Amino acid sequence: MRLILIFSILFVYSLAQNTVIINSDKFKFKDFQVGYFINDKKKVDFKDIQDIQFSQGKNSDTLGAEVKDTWVKIKLFNSSKDTQNIFLHQNLAYTFYSIEYYEVNEKGNLLNKQTLNPFDTKNSELYGADAIYKLTLKPQENKTLYIRQHTLAYHFYNFSIFSEKESKEYLVYEKVDGILFVGLLLALAIYNMFIFISSRYKEYLYYSLYLFSATAWIFYMYGSLAHYMHIYGDIAIRFNFGLMFTPVFIALFVQTIFKTKNEYKTEHKFLNSVIILLILNFIYALINFGHALELLSLSLNYALIIFLFISISIYKKGNKIVKIFLLAHTSYLFFTLYALMFYTGNVPFSYISSHGIGIGIVIEALMLSYLVSYKFKIMEEEKEVQRELKQKAIEEQYKTQLQLLEQLEIAQLANLNSEKLKDLNKELKNISITDKLTSLYNRVKLDESLEYHLNYSQRYNETFGVIMVDIDFFKSINDSFGHQTGDIVLVEFANILKANVRQTDIVGRWGGEEFMIICPKSNLEDTKVIAKKIKEEIENFEFTTVKNKTASFGISTFKNSDTLSDIVHRADKALYQAKESGRNKICAN
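Residue numbers (our numbering): 1 to 589.
Simulated from the structure, these hints should not be mistaken for lab results. Small disclaimer: the values here were computed from a predicted structure and weren't measured. Any given hint could be a false lead.
[What the hints assert, rightly or not] Here are the simulated DSS-like cross-link-like pairs (lysine-lysine), alpha carbons at most 25 Å apart as the crow flies:
hint : residue 1 : residue 2
1    : Lys445    : Lys498
2    : Lys75     : Lys30
3    : Lys475    : Lys202
4    : Lys375    : Lys573
5    : Lys445    : Lys559
6    : Lys259    : Lys316
7    : Lys261    : Lys579
8    : Lys26     : Lys168
9    : Lys475    : Lys317
10   : Lys168    : Lys75
11   : Lys547    : Lys533
12   : Lys28     : Lys81
13   : Lys547    : Lys265
14   : Lys475    : Lys573
15   : Lys259    : Lys549
[Stated by the list, open to error] Pair ranges (Cβ atoms, derived):
hint : residue 1 : residue 2 : range
16   : Lys58     : Asn85     : 23 to 29 Å
17   : Leu111    : Tyr302    : 49 to 55 Å
18   : Phe309    : Thr485    : 30 to 36 Å
19   : His483    : Gly582    : 22 to 28 Å
Ideal Cβ positions, reconstructed from N, Cα and C, are used throughout, including at glycine.
Produce the complete structure using the sequences and hints provided.
Here it is as C-alpha coordinates:
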(Lines of atoms letter the chains of each structure in order from A and count residues from 1; the text may use other names and numbers.)
(Lines give C-alpha, C1' and ligand atoms only; values in the text may rest on other atoms or scores of the structure.)
Protein backbone atom coordinates (compact mmCIF):
# COMPACT_ATOMS: atom_id res chain seq x y z
CA MET A 1 0.00 0.00 0.00
CA ARG A 2 2.83 2.35 0.86
CA LEU A 3 4.54 1.48 -2.46
CA ILE A 4 1.37 2.36 -4.41
CA LEU A 5 1.19 5.72 -2.59
CA ILE A 6 4.82 6.52 -3.50
CA PHE A 7 4.21 5.69 -7.18
CA SER A 8 1.05 7.83 -7.16
CA ILE A 9 2.95 10.80 -5.73
CA LEU A 10 5.73 10.37 -8.31
CA PHE A 11 3.17 10.17 -11.12
CA VAL A 12 1.38 13.33 -9.99
CA TYR A 13 4.73 15.13 -9.60
CA SER A 14 5.77 14.02 -13.09
CA LEU A 15 2.44 15.20 -14.49
CA ALA A 16 2.83 18.56 -12.75
CA GLN A 17 6.31 19.05 -14.18
CA ASN A 18 5.14 18.60 -17.80
CA THR A 19 1.51 19.66 -17.71
CA VAL A 20 -0.13 23.01 -17.09
CA ILE A 21 -2.73 22.33 -14.39
CA ILE A 22 -5.79 24.60 -14.26
CA ASN A 23 -7.29 24.59 -10.75
CA SER A 24 -9.43 27.77 -10.56
CA ASP A 25 -11.56 30.14 -12.65
CA LYS A 26 -8.94 32.88 -12.64
CA PHE A 27 -5.48 31.85 -13.82
CA LYS A 28 -2.36 33.24 -15.44
CA PHE A 29 0.63 31.08 -16.47
CA LYS A 30 3.74 32.83 -17.77
CA ASP A 31 6.33 30.29 -16.66
CA PHE A 32 5.77 26.64 -17.53
CA GLN A 33 7.37 23.75 -19.40
CA VAL A 34 6.71 22.78 -23.00
CA GLY A 35 8.15 20.30 -25.43
CA TYR A 36 9.78 21.43 -28.70
CA PHE A 37 10.98 19.71 -31.85
CA ILE A 38 13.12 21.35 -34.55
CA ASN A 39 11.52 20.35 -37.82
CA ASP A 40 13.85 21.88 -40.44
CA LYS A 41 15.43 18.59 -41.54
CA LYS A 42 12.75 15.93 -41.07
CA LYS A 43 9.71 18.02 -42.07
CA VAL A 44 7.35 15.97 -39.89
CA ASP A 45 3.62 16.54 -40.49
CA PHE A 46 0.87 16.26 -37.88
CA LYS A 47 0.02 12.64 -38.71
CA ASP A 48 3.46 11.58 -37.42
CA ILE A 49 4.11 14.21 -34.76
CA GLN A 50 2.64 12.25 -31.85
CA ASP A 51 5.31 9.58 -32.35
CA ILE A 52 8.18 12.10 -32.20
CA GLN A 53 10.37 12.54 -29.12
CA PHE A 54 10.16 16.18 -28.00
CA SER A 55 12.93 18.02 -26.17
CA GLN A 56 11.95 19.67 -22.90
CA GLY A 57 12.00 23.46 -22.83
CA LYS A 58 10.41 26.60 -21.45
CA ASN A 59 7.33 28.45 -22.67
CA SER A 60 9.63 31.36 -23.56
CA ASP A 61 12.67 30.28 -25.52
CA THR A 62 15.02 31.05 -28.40
CA LEU A 63 16.24 28.44 -30.89
CA GLY A 64 18.67 30.54 -32.94
CA ALA A 65 18.96 32.09 -36.38
CA GLU A 66 19.18 28.85 -38.38
CA VAL A 67 15.88 27.33 -37.21
CA LYS A 68 12.86 28.05 -39.42
CA ASP A 69 10.33 25.27 -38.65
CA THR A 70 9.41 23.95 -35.18
CA TRP A 71 6.76 22.03 -33.31
CA VAL A 72 5.82 23.04 -29.75
CA LYS A 73 3.86 20.67 -27.47
CA ILE A 74 1.79 21.97 -24.54
CA LYS A 75 -0.13 19.63 -22.17
CA LEU A 76 -3.16 20.98 -20.28
CA PHE A 77 -5.20 19.47 -17.44
CA ASN A 78 -8.27 20.93 -15.72
CA SER A 79 -8.26 19.82 -12.07
CA SER A 80 -11.08 22.17 -11.08
CA LYS A 81 -14.77 21.29 -10.80
CA ASP A 82 -15.83 23.73 -13.51
CA THR A 83 -15.41 23.86 -17.28
CA GLN A 84 -12.64 26.35 -18.11
CA ASN A 85 -12.19 28.57 -21.17
CA ILE A 86 -8.47 28.79 -21.88
CA PHE A 87 -6.67 31.44 -23.96
CA LEU A 88 -3.19 30.51 -25.23
CA HIS A 89 -1.20 33.60 -26.25
CA GLN A 90 1.86 33.64 -28.53
CA ASN A 91 2.91 37.26 -28.09
CA LEU A 92 5.66 37.10 -30.71
CA ALA A 93 3.30 35.82 -33.41
CA TYR A 94 3.75 38.95 -35.53
CA THR A 95 7.31 37.78 -36.36
CA PHE A 96 6.13 34.40 -37.73
CA TYR A 97 5.29 33.48 -41.30
CA SER A 98 2.62 30.97 -40.26
CA ILE A 99 1.31 29.22 -37.12
CA GLU A 100 -0.71 25.98 -37.09
CA TYR A 101 -2.63 24.74 -34.02
CA TYR A 102 -3.68 21.10 -33.53
CA GLU A 103 -5.91 20.34 -30.51
CA VAL A 104 -5.76 16.67 -29.42
CA ASN A 105 -7.64 14.78 -26.66
CA GLU A 106 -6.06 12.28 -24.27
CA LYS A 107 -6.69 9.44 -26.76
CA GLY A 108 -4.71 11.25 -29.47
CA ASN A 109 -7.74 12.16 -31.58
CA LEU A 110 -7.64 15.49 -33.45
CA LEU A 111 -10.40 17.76 -32.14
CA ASN A 112 -9.64 21.00 -33.94
CA LYS A 113 -7.14 22.55 -36.34
CA GLN A 114 -6.49 26.28 -36.88
CA THR A 115 -4.00 28.01 -39.17
CA LEU A 116 -2.88 31.63 -38.79
CA ASN A 117 -0.92 33.60 -41.38
CA PRO A 118 0.51 36.74 -39.70
CA PHE A 119 2.07 37.77 -43.02
CA ASP A 120 -1.36 37.99 -44.62
CA THR A 121 -1.94 41.70 -44.05
CA LYS A 122 -5.64 41.48 -45.02
CA ASN A 123 -6.50 38.44 -42.89
CA SER A 124 -3.81 37.97 -40.24
CA GLU A 125 -6.29 36.86 -37.53
CA LEU A 126 -3.97 38.23 -34.83
CA TYR A 127 -5.08 40.13 -31.76
CA GLY A 128 -2.69 43.04 -32.04
CA ALA A 129 0.73 41.41 -31.83
CA ASP A 130 -0.60 38.15 -30.33
CA ALA A 131 -1.88 34.94 -31.78
CA ILE A 132 -4.58 33.60 -29.43
CA TYR A 133 -5.88 30.04 -29.54
CA LYS A 134 -9.09 29.44 -27.55
CA LEU A 135 -10.01 26.03 -26.18
CA THR A 136 -12.31 24.56 -23.53
CA LEU A 137 -11.40 22.03 -20.82
CA LYS A 138 -14.08 20.11 -18.94
CA PRO A 139 -13.44 19.09 -15.32
CA GLN A 140 -10.66 16.46 -15.03
CA GLU A 141 -10.02 16.63 -18.78
CA ASN A 142 -6.56 16.37 -20.44
CA LYS A 143 -5.72 17.95 -23.80
CA THR A 144 -2.53 18.44 -25.76
CA LEU A 145 -1.79 21.29 -28.18
CA TYR A 146 0.69 20.82 -31.01
CA ILE A 147 1.79 24.11 -32.51
CA ARG A 148 3.80 24.31 -35.72
CA GLN A 149 5.60 27.61 -36.35
CA HIS A 150 7.42 28.94 -39.42
CA THR A 151 9.66 31.99 -39.37
CA LEU A 152 12.05 33.69 -41.80
CA ALA A 153 14.90 34.21 -39.34
CA TYR A 154 15.60 34.23 -35.58
CA HIS A 155 13.25 31.63 -34.15
CA PHE A 156 12.00 32.58 -30.68
CA TYR A 157 8.62 32.32 -29.03
CA ASN A 158 6.80 33.35 -25.86
CA PHE A 159 3.64 31.48 -24.82
CA SER A 160 1.30 32.50 -21.99
CA ILE A 161 -1.93 30.90 -20.74
CA PHE A 162 -4.78 33.02 -19.34
CA SER A 163 -8.38 32.93 -18.28
CA GLU A 164 -10.66 35.19 -20.32
CA LYS A 165 -10.45 38.18 -17.97
CA GLU A 166 -6.66 37.92 -17.62
CA SER A 167 -6.32 37.59 -21.40
CA LYS A 168 -8.15 40.87 -22.02
CA GLU A 169 -6.10 42.73 -19.40
CA TYR A 170 -2.88 41.35 -20.85
CA LEU A 171 -3.75 42.62 -24.34
CA VAL A 172 -4.28 46.14 -22.98
CA TYR A 173 -0.96 46.50 -21.14
CA GLU A 174 1.27 44.03 -22.96
CA LYS A 175 3.24 46.38 -25.26
CA VAL A 176 3.31 49.53 -23.13
CA ASP A 177 7.09 49.25 -22.64
CA GLY A 178 7.61 49.41 -26.41
CA ILE A 179 5.53 52.58 -26.61
CA LEU A 180 7.64 54.16 -23.84
CA PHE A 181 10.84 53.30 -25.75
CA VAL A 182 9.42 54.68 -28.99
CA GLY A 183 8.04 57.84 -27.40
CA LEU A 184 11.34 58.72 -25.75
CA LEU A 185 13.44 58.12 -28.87
CA LEU A 186 10.98 59.87 -31.18
CA ALA A 187 10.88 62.97 -28.97
CA LEU A 188 14.69 63.11 -28.97
CA ALA A 189 14.81 62.59 -32.75
CA ILE A 190 12.34 65.40 -33.52
CA TYR A 191 14.02 67.77 -31.05
CA ASN A 192 17.47 67.23 -32.60
CA MET A 193 16.11 67.53 -36.14
CA PHE A 194 14.73 70.97 -35.26
CA ILE A 195 18.14 71.94 -33.84
CA PHE A 196 19.78 70.84 -37.10
CA ILE A 197 17.32 72.87 -39.18
CA SER A 198 18.12 76.00 -37.17
CA SER A 199 21.88 75.48 -36.70
CA ARG A 200 22.88 73.35 -39.75
CA TYR A 201 25.31 71.36 -37.60
CA LYS A 202 25.42 67.90 -39.22
CA GLU A 203 26.04 66.21 -35.86
CA TYR A 204 22.39 66.88 -35.01
CA LEU A 205 21.20 65.56 -38.40
CA TYR A 206 23.01 62.22 -38.12
CA TYR A 207 22.05 61.84 -34.46
CA SER A 208 18.41 62.50 -35.34
CA LEU A 209 18.47 60.00 -38.25
CA TYR A 210 20.06 57.43 -35.96
CA LEU A 211 17.19 57.91 -33.51
CA PHE A 212 14.56 57.69 -36.26
CA SER A 213 16.01 54.43 -37.63
CA ALA A 214 16.34 52.93 -34.13
CA THR A 215 12.76 53.99 -33.32
CA ALA A 216 11.44 52.30 -36.47
CA TRP A 217 13.12 49.01 -35.57
CA ILE A 218 12.00 49.07 -31.91
CA PHE A 219 8.45 49.96 -32.98
CA TYR A 220 8.35 46.77 -35.06
CA MET A 221 10.53 44.40 -33.07
CA TYR A 222 8.84 44.90 -29.71
CA GLY A 223 5.38 44.47 -31.20
CA SER A 224 4.00 48.01 -30.97
CA LEU A 225 3.57 48.29 -34.75
CA ALA A 226 1.44 45.13 -34.85
CA HIS A 227 -0.28 45.62 -31.50
CA TYR A 228 -1.45 49.21 -31.92
CA MET A 229 -1.42 49.80 -35.69
CA HIS A 230 -2.23 46.26 -36.90
CA ILE A 231 0.49 46.30 -39.55
CA TYR A 232 1.84 42.83 -40.33
CA GLY A 233 3.68 40.79 -42.91
CA ASP A 234 6.10 42.05 -45.53
CA ILE A 235 5.43 45.70 -44.75
CA ALA A 236 6.07 45.24 -41.03
CA ILE A 237 9.18 43.10 -41.38
CA ARG A 238 10.79 45.77 -43.57
CA PHE A 239 11.09 47.86 -40.42
CA ASN A 240 14.18 45.73 -39.79
CA PHE A 241 15.84 48.11 -42.23
CA GLY A 242 15.96 50.49 -39.25
CA LEU A 243 18.46 48.23 -37.51
CA MET A 244 20.55 48.07 -40.70
CA PHE A 245 20.80 51.86 -40.93
CA THR A 246 21.38 52.57 -37.23
CA PRO A 247 25.16 51.78 -37.39
CA VAL A 248 25.43 53.80 -40.64
CA PHE A 249 24.15 56.96 -38.98
CA ILE A 250 26.27 56.31 -35.87
CA ALA A 251 29.35 56.06 -38.11
CA LEU A 252 28.46 59.33 -39.88
CA PHE A 253 27.80 60.95 -36.49
CA VAL A 254 31.25 59.93 -35.19
CA GLN A 255 32.95 61.09 -38.40
CA THR A 256 31.32 64.50 -38.09
CA ILE A 257 31.56 65.21 -34.38
CA PHE A 258 35.21 64.12 -34.13
CA LYS A 259 36.25 65.40 -37.61
CA THR A 260 37.85 62.04 -38.42
CA LYS A 261 38.33 62.83 -42.13
CA ASN A 262 41.07 65.34 -41.34
CA GLU A 263 42.22 64.51 -37.81
CA TYR A 264 41.88 60.69 -37.55
CA LYS A 265 42.25 59.36 -41.09
CA THR A 266 42.80 55.68 -40.21
CA GLU A 267 39.75 55.62 -37.97
CA HIS A 268 37.80 57.41 -40.70
CA LYS A 269 38.51 54.57 -43.14
CA PHE A 270 37.30 51.95 -40.66
CA LEU A 271 34.10 53.91 -40.14
CA ASN A 272 33.64 54.02 -43.92
CA SER A 273 33.96 50.23 -43.97
CA VAL A 274 31.01 49.98 -41.54
CA ILE A 275 28.92 52.25 -43.77
CA ILE A 276 29.78 50.27 -46.91
CA LEU A 277 29.13 46.88 -45.25
CA LEU A 278 25.69 47.88 -43.92
CA ILE A 279 24.68 49.45 -47.23
CA LEU A 280 25.67 46.20 -49.01
CA ASN A 281 23.61 44.33 -46.40
CA PHE A 282 20.66 46.59 -47.25
CA ILE A 283 21.07 46.05 -51.00
CA TYR A 284 21.21 42.29 -50.49
CA ALA A 285 18.05 42.52 -48.35
CA LEU A 286 16.22 43.89 -51.39
CA ILE A 287 17.10 40.61 -53.13
CA ASN A 288 16.90 38.04 -50.31
CA PHE A 289 15.47 39.60 -47.18
CA GLY A 290 15.47 36.49 -44.97
CA HIS A 291 19.11 35.61 -45.57
CA ALA A 292 20.10 39.28 -45.25
CA LEU A 293 18.58 39.29 -41.76
CA GLU A 294 20.74 36.31 -40.80
CA LEU A 295 23.85 38.11 -42.13
CA LEU A 296 22.86 41.24 -40.21
CA SER A 297 24.13 39.67 -36.98
CA LEU A 298 27.63 39.45 -38.49
CA SER A 299 27.43 43.01 -39.83
CA LEU A 300 26.30 44.35 -36.45
CA ASN A 301 29.06 42.50 -34.62
CA TYR A 302 31.63 44.00 -37.00
CA ALA A 303 30.18 47.49 -36.50
CA LEU A 304 30.22 47.11 -32.71
CA ILE A 305 33.89 46.07 -32.72
CA ILE A 306 34.89 48.92 -35.06
CA PHE A 307 33.08 51.55 -32.98
CA LEU A 308 34.85 50.26 -29.87
CA PHE A 309 38.22 50.22 -31.61
CA ILE A 310 38.01 53.73 -33.06
CA SER A 311 36.71 55.30 -29.83
CA ILE A 312 39.63 53.80 -27.86
CA SER A 313 42.07 54.86 -30.59
CA ILE A 314 40.79 58.47 -30.68
CA TYR A 315 40.90 58.62 -26.87
CA LYS A 316 44.55 57.46 -26.85
CA LYS A 317 45.38 60.25 -29.32
CA GLY A 318 44.32 62.85 -26.77
CA ASN A 319 40.65 63.53 -27.51
CA LYS A 320 38.98 63.55 -24.11
CA ILE A 321 35.42 64.15 -25.31
CA VAL A 322 35.38 60.72 -26.99
CA LYS A 323 35.24 59.05 -23.56
CA ILE A 324 31.53 60.00 -23.45
CA PHE A 325 30.98 58.11 -26.71
CA LEU A 326 33.14 55.25 -25.42
CA LEU A 327 31.00 54.93 -22.29
CA ALA A 328 27.78 55.13 -24.35
CA HIS A 329 28.99 52.54 -26.83
CA THR A 330 30.26 50.19 -24.14
CA SER A 331 26.79 50.19 -22.58
CA TYR A 332 25.19 49.58 -25.95
CA LEU A 333 27.78 46.90 -26.75
CA PHE A 334 27.01 44.97 -23.57
CA PHE A 335 23.25 44.88 -24.09
CA THR A 336 23.48 44.28 -27.84
CA LEU A 337 25.92 41.39 -27.60
CA TYR A 338 23.67 39.86 -24.96
CA ALA A 339 20.68 40.30 -27.29
CA LEU A 340 22.57 38.84 -30.28
CA MET A 341 23.43 35.81 -28.15
CA PHE A 342 19.70 35.51 -27.47
CA TYR A 343 18.81 35.76 -31.17
CA THR A 344 21.35 33.08 -32.02
CA GLY A 345 20.05 30.79 -29.26
CA ASN A 346 23.04 31.02 -26.90
CA VAL A 347 21.33 32.61 -23.89
CA PRO A 348 17.87 31.87 -22.45
CA PHE A 349 14.76 33.96 -23.02
CA SER A 350 14.34 36.84 -20.55
CA TYR A 351 13.10 40.43 -20.69
CA ILE A 352 16.65 41.81 -20.82
CA SER A 353 17.89 39.33 -23.44
CA SER A 354 14.83 39.75 -25.67
CA HIS A 355 14.84 43.57 -25.27
CA GLY A 356 18.62 44.00 -25.04
CA ILE A 357 19.13 46.01 -28.23
CA GLY A 358 16.28 48.37 -27.35
CA ILE A 359 17.62 48.92 -23.83
CA GLY A 360 21.11 49.47 -25.23
CA ILE A 361 19.82 51.94 -27.83
CA VAL A 362 17.92 53.99 -25.24
CA ILE A 363 20.96 54.17 -22.91
CA GLU A 364 23.28 55.04 -25.80
CA ALA A 365 20.84 57.61 -27.19
CA LEU A 366 20.66 59.46 -23.86
CA MET A 367 24.46 59.48 -23.51
CA LEU A 368 24.94 60.65 -27.11
CA SER A 369 22.44 63.42 -26.44
CA TYR A 370 24.70 64.54 -23.62
CA LEU A 371 27.72 64.27 -25.95
CA VAL A 372 26.11 66.50 -28.58
CA SER A 373 25.10 69.04 -25.93
CA TYR A 374 28.58 68.99 -24.40
CA LYS A 375 30.22 69.49 -27.82
CA PHE A 376 27.86 72.39 -28.54
CA LYS A 377 28.78 73.92 -25.17
CA ILE A 378 32.49 73.69 -26.05
CA MET A 379 31.85 75.34 -29.43
CA GLU A 380 30.01 78.19 -27.71
CA GLU A 381 32.88 78.57 -25.24
CA GLU A 382 35.35 78.76 -28.15
CA LYS A 383 33.24 81.48 -29.76
CA GLU A 384 33.17 83.35 -26.45
CA VAL A 385 36.98 83.15 -26.23
CA GLN A 386 37.22 84.57 -29.76
CA ARG A 387 34.84 87.38 -28.83
CA GLU A 388 36.93 88.17 -25.73
CA LEU A 389 40.16 88.20 -27.76
CA LYS A 390 38.53 90.48 -30.29
CA GLN A 391 37.28 92.80 -27.55
CA LYS A 392 40.73 92.82 -25.97
CA ALA A 393 42.32 93.81 -29.29
CA ILE A 394 39.80 96.64 -29.66
CA GLU A 395 40.53 97.86 -26.13
CA GLU A 396 44.29 97.79 -26.76
CA GLN A 397 43.76 99.72 -29.98
CA TYR A 398 41.63 102.24 -28.12
CA LYS A 399 44.36 102.73 -25.51
CA THR A 400 46.90 103.39 -28.27
CA GLN A 401 44.58 105.94 -29.84
CA LEU A 402 44.20 107.70 -26.48
CA GLN A 403 47.96 107.85 -26.12
CA LEU A 404 48.28 109.44 -29.56
CA LEU A 405 45.52 111.91 -28.75
CA GLU A 406 47.41 112.90 -25.63
CA GLN A 407 50.52 113.43 -27.76
CA LEU A 408 48.45 115.56 -30.14
CA GLU A 409 47.20 117.70 -27.30
CA ILE A 410 50.74 118.09 -26.01
CA ALA A 411 51.91 118.97 -29.50
CA GLN A 412 49.20 121.57 -29.88
CA LEU A 413 49.99 123.06 -26.49
CA ALA A 414 53.65 123.20 -27.37
CA ASN A 415 52.77 124.94 -30.65
CA LEU A 416 54.49 122.27 -32.68
CA ASN A 417 54.65 122.97 -36.36
CA SER A 418 51.84 121.75 -38.59
CA GLU A 419 54.04 119.02 -40.14
CA LYS A 420 54.43 117.29 -36.79
CA LEU A 421 50.70 117.55 -36.20
CA LYS A 422 50.00 116.05 -39.62
CA ASP A 423 52.34 113.14 -38.89
CA LEU A 424 50.65 112.42 -35.57
CA ASN A 425 47.20 112.65 -37.15
CA LYS A 426 48.27 110.28 -39.91
CA GLU A 427 49.68 107.82 -37.38
CA LEU A 428 46.47 108.01 -35.35
CA LYS A 429 44.36 107.28 -38.43
CA ASN A 430 46.56 104.32 -39.41
CA ILE A 431 46.33 102.82 -35.94
CA SER A 432 42.55 103.21 -35.91
CA ILE A 433 42.22 101.11 -39.10
CA THR A 434 45.05 98.60 -38.55
CA ASP A 435 45.00 95.23 -36.78
CA LYS A 436 47.74 95.40 -34.15
CA LEU A 437 48.90 91.76 -34.46
CA THR A 438 48.98 91.23 -38.24
CA SER A 439 49.36 94.85 -39.45
CA LEU A 440 46.51 94.22 -41.90
CA TYR A 441 43.45 96.41 -42.06
CA ASN A 442 40.99 95.82 -39.23
CA ARG A 443 37.20 95.40 -39.22
CA VAL A 444 36.65 99.17 -39.18
CA LYS A 445 38.57 99.68 -42.43
CA LEU A 446 37.01 96.62 -44.06
CA ASP A 447 33.48 97.86 -43.30
CA GLU A 448 34.43 101.30 -44.67
CA SER A 449 35.90 99.76 -47.86
CA LEU A 450 32.91 97.47 -48.36
CA GLU A 451 30.54 100.41 -48.14
CA TYR A 452 32.64 102.45 -50.57
CA HIS A 453 32.82 99.69 -53.21
CA LEU A 454 29.14 98.88 -52.75
CA ASN A 455 28.17 102.49 -53.48
CA TYR A 456 30.71 102.76 -56.33
CA SER A 457 29.49 99.56 -58.00
CA GLN A 458 25.86 100.61 -57.73
CA ARG A 459 26.58 104.04 -59.20
CA TYR A 460 28.84 102.97 -62.09
CA ASN A 461 27.35 99.52 -62.75
CA GLU A 462 30.59 97.78 -61.75
CA THR A 463 31.17 94.62 -59.77
CA PHE A 464 33.55 93.51 -57.04
CA GLY A 465 34.31 90.30 -55.17
CA VAL A 466 34.63 89.40 -51.49
CA ILE A 467 36.73 86.49 -50.24
CA MET A 468 36.35 85.20 -46.70
CA VAL A 469 39.33 83.08 -45.58
CA ASP A 470 39.48 80.89 -42.47
CA ILE A 471 42.52 78.96 -41.22
CA ASP A 472 41.54 75.28 -40.94
CA PHE A 473 41.63 73.78 -37.43
CA PHE A 474 43.29 76.89 -35.96
CA LYS A 475 42.03 76.04 -32.48
CA SER A 476 44.17 72.87 -32.47
CA ILE A 477 47.27 75.10 -32.83
CA ASN A 478 46.42 77.05 -29.67
CA ASP A 479 45.50 73.84 -27.83
CA SER A 480 48.65 71.95 -28.85
CA PHE A 481 51.32 74.67 -29.08
CA GLY A 482 49.93 77.65 -27.16
CA HIS A 483 48.56 81.07 -28.13
CA GLN A 484 52.03 82.49 -28.84
CA THR A 485 52.53 79.99 -31.66
CA GLY A 486 48.99 80.74 -32.82
CA ASP A 487 49.85 84.44 -33.05
CA ILE A 488 52.96 83.65 -35.11
CA VAL A 489 50.88 81.57 -37.53
CA LEU A 490 48.39 84.45 -37.85
CA VAL A 491 51.19 86.88 -38.73
CA GLU A 492 52.71 84.46 -41.28
CA PHE A 493 49.28 83.82 -42.75
CA ALA A 494 48.65 87.56 -43.06
CA ASN A 495 51.98 88.00 -44.88
CA ILE A 496 50.96 85.32 -47.41
CA LEU A 497 47.72 87.17 -48.09
CA LYS A 498 49.48 90.52 -48.54
CA ALA A 499 52.08 89.02 -50.87
CA ASN A 500 49.58 87.33 -53.19
CA VAL A 501 46.90 89.92 -53.88
CA ARG A 502 46.81 92.71 -56.44
CA GLN A 503 47.74 96.28 -55.54
CA THR A 504 44.11 97.34 -55.77
CA ASP A 505 42.86 94.56 -53.48
CA ILE A 506 42.13 95.27 -49.82
CA VAL A 507 43.18 92.68 -47.23
CA GLY A 508 42.10 92.72 -43.59
CA ARG A 509 41.55 90.62 -40.50
CA TRP A 510 37.83 90.09 -40.02
CA GLY A 511 38.21 88.53 -36.57
CA GLY A 512 40.04 85.64 -34.88
CA GLU A 513 41.44 83.40 -37.64
CA GLU A 514 39.10 84.83 -40.30
CA PHE A 515 40.35 87.25 -42.97
CA MET A 516 38.66 89.20 -45.76
CA ILE A 517 39.88 90.25 -49.19
CA ILE A 518 37.95 92.85 -51.19
CA CYS A 519 38.65 92.58 -54.93
CA PRO A 520 37.54 95.75 -56.81
CA LYS A 521 36.27 95.43 -60.40
CA SER A 522 36.40 91.61 -60.23
CA ASN A 523 33.76 89.15 -61.34
CA LEU A 524 33.33 85.64 -59.93
CA GLU A 525 36.00 84.06 -62.12
CA ASP A 526 38.52 86.84 -61.38
CA THR A 527 37.91 86.42 -57.65
CA LYS A 528 38.27 82.63 -57.86
CA VAL A 529 41.68 83.03 -59.56
CA ILE A 530 42.91 85.18 -56.65
CA ALA A 531 41.57 82.70 -54.08
CA LYS A 532 43.11 79.72 -55.89
CA LYS A 533 46.54 81.41 -56.01
CA ILE A 534 46.43 82.15 -52.26
CA LYS A 535 45.20 78.63 -51.47
CA GLU A 536 48.18 77.06 -53.30
CA GLU A 537 50.65 79.39 -51.58
CA ILE A 538 49.25 78.44 -48.15
CA GLU A 539 49.44 74.71 -48.95
CA ASN A 540 53.12 75.02 -49.94
CA PHE A 541 54.18 77.29 -47.08
CA GLU A 542 56.00 75.88 -44.05
CA PHE A 543 54.66 77.65 -40.98
CA THR A 544 56.69 78.04 -37.79
CA THR A 545 56.35 74.98 -35.52
CA VAL A 546 53.10 73.69 -37.05
CA LYS A 547 54.62 73.20 -40.55
CA ASN A 548 51.79 72.72 -43.07
CA LYS A 549 48.34 74.31 -42.75
CA THR A 550 45.39 74.82 -45.05
CA ALA A 551 42.57 77.33 -45.32
CA SER A 552 38.96 77.39 -46.48
CA PHE A 553 37.60 80.09 -48.82
CA GLY A 554 34.11 81.52 -49.29
CA ILE A 555 33.44 83.85 -52.25
CA SER A 556 30.62 86.20 -53.11
CA THR A 557 30.31 88.89 -55.77
CA PHE A 558 28.24 92.06 -55.90
CA LYS A 559 24.62 91.98 -57.12
CA ASN A 560 22.64 95.15 -57.89
CA SER A 561 20.15 94.63 -55.08
CA ASP A 562 22.85 93.86 -52.45
CA THR A 563 23.17 95.53 -49.09
CA LEU A 564 26.40 95.42 -47.13
CA SER A 565 25.14 92.53 -45.00
CA ASP A 566 23.93 90.58 -48.08
CA ILE A 567 27.30 90.25 -49.75
CA VAL A 568 29.07 89.46 -46.46
CA HIS A 569 26.41 86.90 -45.53
CA ARG A 570 26.80 85.08 -48.86
CA ALA A 571 30.58 84.95 -48.51
CA ASP A 572 30.24 83.68 -44.94
CA LYS A 573 27.73 81.02 -46.07
CA ALA A 574 30.10 79.90 -48.84
CA LEU A 575 32.90 79.68 -46.27
CA TYR A 576 30.69 77.44 -44.12
CA GLN A 577 30.05 75.21 -47.15
CA ALA A 578 33.79 74.96 -47.75
CA LYS A 579 34.35 73.83 -44.16
CA GLU A 580 31.49 71.34 -44.22
CA SER A 581 32.68 69.78 -47.49
CA GLY A 582 36.03 68.84 -45.95
CA ARG A 583 37.96 72.15 -45.62
CA ASN A 584 40.86 73.34 -47.83
CA LYS A 585 38.17 74.14 -50.43
CA ILE A 586 36.97 77.18 -52.37
CA CYS A 587 33.20 77.63 -52.47
CA ALA A 588 31.21 80.43 -54.09
CA ASN A 589 27.73 81.63 -53.27
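State the violated hints by number, sorted upward, taking the hints as numbered earlier in the document. none
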